[in-house]
Amino acid sequence: MIKDITLGQYFPGNSLIHRLDPRMKIILLLLYMVVLFMASGWVAYLLLTAVTVFLMLLSRIPVKLYLRGLRPLLIIICFTALLNIFYTSGEVLVQFWVFKITKEGLFNAAYMILRILMLVIATSMLTYTTSPIVLTGGLESLLSPLRVLRIPVHEFSMMMTMALRFIPTLLEETDKIISAQKARGADFESGNLIRRVKALTPVLIPLFVSAFRRAEELATAMECRGYTGEGKNRSRFVQYRLCLRDYASLLFVVGLGAAVFFTDFLPF
Amino acid sequence: MDEIKPILSAENLVHTYGVGTPFEKTAVDGVSVDIFPNDYIGVIGHTGSGKSTFIQHLNGLIKPTGGTLRFQGEDIWQKGYDLKSLRFRVGMVFQYPEHQLFEETVEKDIGFGPKNMGLSAEEISERVHAAAEFAGIPEKLLSKSPFDLSGGQKRRVAIAGIMAMRPEIIILDEPTAGLDPKGREEILSGIKEYHEREHAAVILVSHSMEDIARNAQKVMVMHRGKLEMFAPVRDVFRRADRLREIGLDVPQITGILLRLKEQGYDVDSSLYSVDEVAELILHMRNK
Ligand SMILES: Nc1ncnc2c1ncn2[C@@H]1O[C@H](COP(=O)(O)OP(=O)(O)OP(=O)(O)O)[C@@H](O)[C@H]1O
Ligand SMILES: [Mg+2]
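Listed in order, the protein sequences are those of chains H and D.
Its first residue numbered 3, the first sequence is counted upward by one per residue in our numbering.
Its first residue numbered 4, the second sequence is counted upward by one per residue in our numbering.
Certain hints may be false.
Unchecked claim - To be clear about the criterion: a stretch of chain H counts as covered by chain D if any three or more of its residues have a C-beta under 8 Å from a C-beta of chain D, and this derived list gives those stretches: (1) 177-184; (2) 187-195; (3) 198-209.
Stated by the list, open to error - Capping the alpha-carbon separation at 20 Å, the derived lysine to aspartate or glutamate pairs in EDC-like fashion look like this: (4) D:K118 - H:E191; (5) D:K87 - H:D189; (6) H:K66 - D:E27; (7) D:K28 - H:D177; (8) H:K200 - D:E107; (9) H:K178 - D:D37; (10) D:K143 - D:D176; (11) H:K200 - D:E106; (12) D:K28 - D:D42; (13) D:K8 - D:E27; (14) D:K66 - D:E107; (15) D:K66 - H:E174; (16) D:K111 - H:E174; (17) H:K200 - H:D189; (18) D:K87 - H:E106; (19) D:K66 - D:E14; (20) D:K118 - H:E174; (21) D:K87 - H:E93; (22) D:K66 - H:D189; (23) D:K28 - H:E191; (24) D:K66 - H:E191; (25) D:K229 - D:E248; (26) D:K66 - H:E232; (27) H:K178 - D:D78; (28) D:K8 - D:D37; (29) D:K111 - D:E126; (30) H:K178 - D:E177; (31) D:K82 - H:E157; (32) D:K264 - D:E282; (33) D:K229 - D:E27; (34) D:K82 - H:D189.
Calculated directly from the structure, the hints in this document are not laboratory data.
Bear in mind that the values here come from a model prediction, so they are computed numbers and not experimental data.
Quick reminder that beta carbons are idealized off the backbone N, C-alpha and C, glycines included.
Modelling step: build the complete structure from the supplied sequences, incorporating the hints.
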């Protein structure tokens with residue numbers, strides 16, 4: 003079913019990571035990416051892998067779900083790994099025909115795979131543990147300094163929030179309309195491309211009609227409650243406040259960065 | 004006499020949404036029922052009890068995660084089964100069906116199903132007019148755009164669109180939700196007429212105990228995905244206590260009889276039609 007498409011899916015929970023301030027989570031993700039790209043040498047990668055696994059467990063989200071998020075990237079990962087194995091020069095381990103496998107190549111490939119895996123897992127962790135609405139709220143708050151440059155941050159974030167809010171609704175609606183038209187014998191699966199596109203009319207028209215109806219209702223409801231965009235006195239219902247766990251997590255990631263940086267100076 | 008065979012039978016039907024995700028939810032849990040030709044079955048149950056999920060199995064729109072569904076004895080999920088023609092024989096009217104109208108005219112929209120059946124133009128036109136009559140749509144509306152109609156009229160057009168396929172079973176998910184009393188009555192009597200004239204089985208999901216009492220012969224009571232009761236109307240509404248326990252009620256008229264009984268009157272609380280009860284009360288007064 004269409005609803006199975008997941009878009010940055012959120013899994014409600016109450017773990018420490020779920021409870022972190024969304025702004026801090028975004029910053030931490032960026033920092034973590036920097037650390038990832040700073041890493042070199044097996045000690046650093048070992049450390050990072052251990053930390054990533056630790057965080058995955060901490061988030062209380064089934065590891066299965068993280069792995070599912072990786073599935074679409076499998077080809078890219080394999081491809082990069084192969085490139086690295088064959089195109090890194092260094093101490094030759096195996097050689098056949100024009101191919102050479104070097105020790106450095108193997109290491110590079112392993113590092114590359116780990117790097118991609120951890121990048122995807124960290125990003126998934128942000129979307130899995132933060133509801134989209136909270137995430138946009140956090141982004142809006144982080145980007146609000148841009149308002150000085152007359153960039154309508156609030157309006158963008160409101161649009162984003164509404165779009166996110168209505169994606170599941172529209173998907174559900176699409177599902178229902180498809181079922182209803184199937185019940186009248188509509189056929190979406192057979193025929194050539196033109197026929198299939200034509201077969202979508204009975205779905206698209208009701209979908210647009212309902213999307214416009216919803217948009218109109220929403221606009222009316224917002225107007226009735228006096229929404230006028232970014233007013234001077236507009237305050238937020240949810241006030242973000244950094245607390246101890248946020249600072250502690252920042253310290254943790256900064257510490258991790260420092261540790262990774264110093265592994266370079268280790269004698270092995 | 005020949006034994007009458009069920010037209011549709013569900014055997015231990017189970018449906019779990021979102022298998023393997025944290026949102027896993029068993030919406031239908033081991034439901035077995037036999038539906039016979041000419042049955043008029045009411046389906047009641049609290050919000051979220053799995054009514055809509057259950058009925059969508061009946062024409063193969065969703066695949067059960069467990070159990071089997073047979074139409075005229077054949078498993079509809081066996082390989083090579085023609086689900087498309089099953090859907091012409093088991094008609095399904097969804098909740099708020101007016102949201103699926105899309106054609107330029109009412110006539111074309113009602114004719115969408117018959118057209119997909121591959122019928123000739125005359126046959127389509129004949130069926131469209133007959134279905135419009137069942138659903139109480141005046142001839143002059145047929146050439147209008149469905150988007151220019153009132154909510155109740157749209158609903159009728161959508162129902163006519165299913166009736167025009169002449170299904171042997173017609174399933175309706177809360178067809179009267181959000182209509183005024185007259186609109187409800189008209190839609191229900193149209194369905195009854197179709198049931199009688201075409202000898203079709205009807206499955207009606209409704210939150211109105213009155214509508215169920217007045218129209219159905221048997222009632223399925225769903226509770227948390229399970230089939231709590233499946234019995235003739237009288238027997239179901241006799242168990243008022245259990246119904247109230249699971250968030251349902253009995254028709255008002257049955258409620259009155261139960262109260263009379265509590266007061267010590269000797270009445271038969273299994274009556275549920277207003278006429279029967281009116282007669283009973285008149286009779287008691289004359290005694
Ligand atoms: N597409 C879906 N994906 C996941 N869960 C669903 C889906 N549809 C229904 N459910 C869940 O299955 C359960 C049964 O839903 P269903 O729609 O069958 O109830 P219902 O008896 O028709 O309720 P109502 O009287 O409100 O229409 C509910 O808990 C609902 O949240
Ligand atoms: Mg329902």
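Index of numbered hints that the structure contradicts, given in increasing order: The structure breaks hints 9, 10, 12, 13, 14, 16, 18, 20, 21, 23, 26, 27 and 31; every other hint is satisfied.
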